[in-house]
Every structure is written in C-alpha cells, then in structure tokens.
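> Numbering-wise, the sequence shown is residues 87 to 294 according to my numbering.
In case anyone wonders, no lab produced these hints; they're calculated from the structure. Even glycine gets a Cβ: it sits at the ideal position worked out from N, Cα and C. There could be a bad hint or two in this list.
Capping the alpha-carbon separation at 16 Å, the derived lysine to aspartate or glutamate pairs in EDC-like fashion look like this [said to hold, decoys possible]:
| no. | residue 1 | residue 2 |
| --- | --- | --- |
| 1 | Lys194 | Asp269 |
| 2 | Lys194 | Glu214 |
| 3 | Lys194 | Asp119 |
| 4 | Lys194 | Asp270 |
Here are the in silico distance ranges between beta carbons for each label pair [to be verified]:
| no. | residue 1 | residue 2 | range |
| --- | --- | --- | --- |
| 5 | Ser178 | His143 | 46 to 56 Å |
| 6 | His138 | Glu234 | 43 to 53 Å |
| 7 | Arg120 | Gly229 | 34 to 44 Å |
| 8 | Ala235 | Gln132 | 42 to 52 Å |
| 9 | Gln267 | Asn140 | 28 to 38 Å |
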Amino acid sequence: MYKQARPHQKRRKRSGDEVREEGLAAARALLLDRGPAAVTLANIGQAIGMSHANVLHHFGSAAGLQSALMESMIRDLTDALGNVVELMKTDSAAPRAVADRVFDAFDKGGAGPLAAWIILSGDVEQLEPVRAAVRALVEAIVGQSTDEAAPDRVRAAVLMMAVSAFGDAVIGPHVRDMLDQPDDAMRDLIARILPLFLIPTGIPPAAP
C-alpha cells in the first residue's frame, strides 16, 4: 500500500507526471524514515536526482509537496477500502480489518504526523486539496450501498475513524500508557463501534 522511494539516480528528462510520482514516493519514504520536517524540496530533489528549482516547479512549495503527499495517502486509503461494505456484511472479522487499514494509514503510513505538521504550521489551506480525496473516500464507500441513508452514516463513520486514528497516531501511545491500555485498544474500540454506523438499524440520530 505504501510506496518506497526509488534509489538515487542520475538526472534524466522526465514528464511532469513522472516527477510527481517519483517525488511523492521519495517524500513518503522520507516521512516514514525521518519525520515531516525531512519532507523538503531539497531532500526530494536529492532523492530523485533533480534540482531544487525543478522540484519547486512541479510542486510549488514544500507545503504544496506535503499537501500532495497527504492527498495521495488518502487516495491510497480509498483503494484499500474498496470493498468495505460487502466485507462488513459477510465477514465478522471485517470491522477490525477496516480499523487496522485506517489506523495503519495514519500511524505506519505517516498520515497522522504529517497532518499534525501541516496544521501546526498554521498553513491549513494546504489541507484543501485533501478535501477532494476525503470526499472520494466517502463516495467510494457510499457507492457500495443501496441504502438511502448511507451517505450520512458513512460520513459519520469516516469522521469517527479519521479523528480517532489521527489522535491515536499522534498522542495515542502516551495516553494508552497513562491508562494501562494495550497498543491496539483504540483499534479494538473502533472495530466494535464501526458496524453500528454501516447498518440501517445502527446508531440513532442525536436528540434535538
């Protein structure tokens, strides 16, 4: 699910799409290895054998690069959840599998620290391109259901999972330690709650 950066290579002529693909792969590898602060245009250029100016041309800024990386992570998550509704109906282990995919994206995949870095930088406009990817994720899940109420329930489920996975990736280890909870405590909780969001007789609406 997660792409690895290609080895350092001599500079060669590449299309814009190739540069973006290689740049995002290198950015993801740097994020996982050294954290969000390492996702800079200079480091990306060195990793893919391209000048800082050329990388700047394709991504606009370091913030633009980080935003594009976050967007690509959400799209990868959409692909990973391609059959989530059918799984929820037929496989009793599916809720935990779904929770693991989402939590892995934010934790092992680096989306949690990257989102925190973008938000704490104060440049929240860089999250705007992620909007389309999140909406596509919701639409992909809704499209698997014929229930008229599915859109509202899916949006609620995605909100719950994303906020929970983000918090777990950023501060979860410390809070779990304070409460003497196992490493997968939050994943297990989400797995138990998730089915209520995706079935017609699920969680009742909030009181007026």
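> Each of the hints needs a verdict: does it hold here or not?
To see whether the hints hold, each was checked on the structure:
1. Restraint check for Lys194 and Asp269: the C-alpha separation of about 13 Å stays at or below 16 Å, so the hint holds.
2. Under the criterion of a C-alpha separation no larger than 16 Å, the hint pairing Lys194 with Glu214 is inconsistent with the structure, at around 23 Å.
3. The suggested pairing of Lys194 with Asp119 holds, with an alpha-carbon distance near 11 Å, which does not exceed 16 Å.
4. In summary, the hint linking Lys194 to Asp270 is supported, as the alpha carbons are separated by about 13 Å, within the 16 Å threshold.
5. For the pair Ser178 and His143, the beta carbons lie near 51 Å from each other, so the given range of 46 to 56 Å is met.
6. Look at His138 against Glu234: about 52 Å separates their beta carbons, and that is inside 43 to 53 Å.
7. Distance hint check: the CB atoms of Arg120 and Gly229 are about 37 Å apart, consistent with the given range 34 to 44 Å.
8. At roughly 51 Å, the beta carbons of Ala235 and Gln132 sit within the given window of 42 to 52 Å.
9. Range check, Gln267 to Asn140: Cβ separation about 47 Å, and the 28 to 38 Å hint is violated.
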